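Asker: Read off the chains here:
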Amino acid sequence: MSENQQLVEKAVKGDDSAFLKLIHLYKIDLFKTALSFLKNEEEALEAVQEVTYRAYKNIATLRDSSYFKTWLIRIMINYCNDQLKKKKRLVFNEEIISLQGEHVNQSEIELKEAMLGLDERSREILTLKYFNDMKIKDIACTMQCPEGTVKTWLNKALKALREKLEGKGGDLHV
Amino acid sequence: MFEKEEAKLTEYRNQYDNITISMEKLDGAILAGFQKAKAEKKRKTRRKKWSFTLAAAAIIFIGFFTSIRLSPAFADYITVLPGMEKLVELIRNDKGKMLAIENDYYEKLGVSQQKDGMKFTIDGVIADENDLVVFYTIHSKENIEDYPIEEPRLFGSDGKELNFGLGGGNGKLHKTSGGENVYTGNVDFSFEKPLKENKFKLSIKINSDKDKSFSLPFELKNDIQKKKTYILNKTFSIEGQKITFLETDVYPVKVAVHVKMDPHNTKKLLNFDDIRLVDENGETWNKISDGVTASKISDDEAILYLQSNYFREPKELYLAINKIQAVEKEEANVIVNTQTKQILKQPKGDRFSDLVVEGNRILFKMRTEKEFNYGLFNTAWDHNGNEITIPETSMASGLKGGKAEFGVTIPGLKNEMSPISLQLEFFPSWIEGNMKVQIK
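Going line by line, the protein sequences match chains A and B.
Quick note: the first sequence uses our numbering, first residue 1, plus one each step.
Quick note: the second sequence uses our numbering, first residue 1001, plus one each step.
Don't read these hints as lab results, they were simulated from the structure.
Note that this is a predicted model, so its numbers are computed, not measured.
You may find that some hints are simply not true.
Listed next, the in silico SDA-like pairs over lysine to any residue satisfying Cα-Cα at most 20 Å (straight line) [to be verified]: (1) K1038/B / K135/A; (2) K57/A / A1396/B; (3) K1160/B / T1235/B; (4) K1260/B / E1432/B; (5) K135/A / T1010/B; (6) K1296/B / T1235/B; (7) K21/A / L1031/B; (8) K1234/B / L1195/B; (9) K57/A / E9/A; (10) K1036/B / E42/A; (11) K27/A / N1014/B; (12) K27/A / L1031/B; (13) K1038/B / E42/A; (14) K137/A / G1178/B.
A short list of chain A residues far from chain B (calculated; beta carbon distances all over 12 Å) [stated by the list, open to error]: (15) E3; (16) I28; (17) N78; (18) A114; (19) E120; (20) F131; (21) T149; (22) G167.
FRET-style restraints, in silico, Cβ to Cβ [as the list claims (entries may be wrong)]: (23) R1361/B / N155/A: 47 to 53 Å; (24) T61/A / D1262/B: 22 to 28 Å; (25) S2/A / N1014/B: 25 to 31 Å; (26) D119/A / E1219/B: 56 to 62 Å.
C-beta atoms are modelled at their ideal positions from N, C-alpha and C, and glycine is treated no differently.
One chain only, chain A, in its complex shape (with noise of 0.2 Å):
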C-alpha cells in the first residue's frame, strides 16, 4: 500500500494529522479547480475552507482510498457547481477580466466561458480529467460507472465544448 494510501486510511479512522496532510498534499489541485470555476481568489479560498469542512465531516464514506484525490476534487466541483447554480450567474464580464488581470489572455478566457456554459457533467469530466489529470479509471471507480461510460460522456463533453468554442452553443451569456 503506498504511504497516501496509509495516511488516508488513517484519515478514515478519524486521524487528524493525517486528514491535514492529505488536504495540504491537494491543496494546489482544489485551489485550481475552484479558481477555474469561480470568480476570483476569495471565492476560490472559501471554496477550500468549504471543501475541507465537507471532506472531514464525509470522510467515513469514501469507499476507497486509492482514490481519494478524484473523491476529493469531485467535492470541490460539486460545491462549485452548486456555487454557480446559487449565484444563477455565467460569469464574464469585464469586471472579473479587469480583476484577474494580467493573468488572464483571451484565450483563458473563451475557455472558461466554454467550460460554463456546459452541462454539469461535462464540466466536472473536463475538469478531472484535463484540469487535474486523472485516468478514466479512477473517474469511473469514483463515478461508480464503467469506464466506457466515462469515455462517452467525455466525448460528449468534448463534442459541447468545441460546440461552445465555435460559437454553436447559442449565447454564452445566458
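Fit chain B to the given chain A structure using the hints.
Answerer: Same frame as chain A, but now just chain B:
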C-alpha cells in the same frame, strides 16, 4: 478527433499553473474549514431515544469519556476470543458485562433476518432476572447512520408486549473492504418485574434511507442466575443531608442500590457521582458509565445502578460514596423567558448566562470550573404548569472562557409558554464526605 479541444484544455490548465497563490491564505482557509468541522463534531447531542414505560423517571448518562479501563491483560484475553472483539468493544466500559462474558454467561444466538439488502442479526444476549442485553449486527450496502435502531420492542411467547423500563444502548459502525457497512451494537432492556419467559420476539426499526422493520424470535436455553440481595437499612449523613440505604441487589448485568433521602433534607440530592463497590482487596466497581445510571422513584427515593461484581465472590464488600451533586431544594430549577431571552431565576452563584433561542432549542452558557458532562435537565414546566418532557439536550465539549455551552430542546417551543421552569437534574455543586457501608 478532439485534438484541438484537448490542446486548448491543456493550455488552459497550464495557465493556471502560473498563477500566484498565497500559501498563507490557502493554509488559513484549510485551517478554518478543519476547525469548523472539528467544532461541530465536538458538539455532541445526547438524545433520549426511547420513551420509558415505567412511572419512575430514569437518569441516563451517556459516557463520552471512557474513564474506566480494564487491565490490558484482561482486555487482551477477551479480545482473542474469536468473534467477540466487536462485542467487547461495546462493553469495555462495563466491568460487570465483561465479567459475564469472561464467565461464559453470554449466550450465543446467531438469529438473523434479511430484507431489501439489509441483514439484521441477533448475535447473542446476556440475560438475568431483570435485564436483557441484546447484541446485534446490521449488514448493509446502504449507508447506516450512527445509532440506527429505533423503537425496539420485545414480545413474550404469547405475543404480548413486554414492558421494559428503559433501553440503553451502544454501537459502532465498521466498514468492510468490500464497501459494506457493518454496525455492531447492543440494546439493554431493563424490566420492572423479573422475567419469567425464555422465548421472545424482538422487533426493531432501522433508520436508513428507507425505514426497515425487522422482527425476530429467539429462545434462551441457558439458566438465568438468581440475584443476590443484601439488606442494609442503614442511615448516613453527608453535610447534614441524611441518606438511607435500604437494600442492594446484585445481578449478573448490574447492581441496584435502593436509597431513600430524608424528606427533611434541605438539599435536593441530584446525582451520586462516585458511588462504588469496593471489595476487601480494594478492587472497585463503579457506576454504570454509559446508559441508565439510576431510576428515580420520587424526589426522595431512587435506585442507583453500578457495574456488577456478580461473578466474583468477595469476602467483604463495601459501598462507598464521597461526592453527591446537591442543590438547595428551593433553588433546584432555572426559570427562563424565551421571549425576552432572560434568565429569571437560577441557583445561587449565577452560573447560567447568554440565553439564546434557536427554533425549538434554548441554548445557554454555564460557568463551571471543570468540564461538566451531564445533560442538566429532563423535565420542564410551561407557565400554565404543563409538564414538558425534554427529549434532547446537547452540549459542546470543552470550556470557552470558563463556560460550557448547553442546549435544551422544548418540543413546540413558543413565546406564550414562557416563563418556562427547567428542573435541574444535574448541577455542578456537591456535598462531600466519606461514607462507607459494609454490605457483606
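Asker: Against each hint, give a clear statement of whether it holds in the structure.
Answerer: Hints versus structure:
no.	hint	in the structure
1	K1038/B / K135/A	33 Å, violated
2	K57/A / A1396/B	17 Å, holds
3	K1160/B / T1235/B	41 Å, violated
4	K1260/B / E1432/B	18 Å, holds
5	K135/A / T1010/B	15 Å, holds
6	K1296/B / T1235/B	19 Å, holds
7	K21/A / L1031/B	12 Å, holds
8	K1234/B / L1195/B	29 Å, violated
9	K57/A / E9/A	15 Å, holds
10	K1036/B / E42/A	18 Å, holds
11	K27/A / N1014/B	17 Å, holds
12	K27/A / L1031/B	12 Å, holds
13	K1038/B / E42/A	23 Å, violated
14	K137/A / G1178/B	18 Å, holds
15	E3	19 Å, holds
16	I28	7 Å, violated
17	N78	15 Å, holds
18	A114	9 Å, violated
19	E120	17 Å, holds
20	F131	5 Å, violated
21	T149	18 Å, holds
22	G167	14 Å, holds
23	R1361/B / N155/A: 47 to 53 Å	52 Å, holds
24	T61/A / D1262/B: 22 to 28 Å	55 Å, violated
25	S2/A / N1014/B: 25 to 31 Å	27 Å, holds
26	D119/A / E1219/B: 56 to 62 Å	58 Å, holds
Consistency with the previously given hints fails for numbers 1, 3, 8, 13, 16, 18, 20, 24, ordered from lowest to highest.
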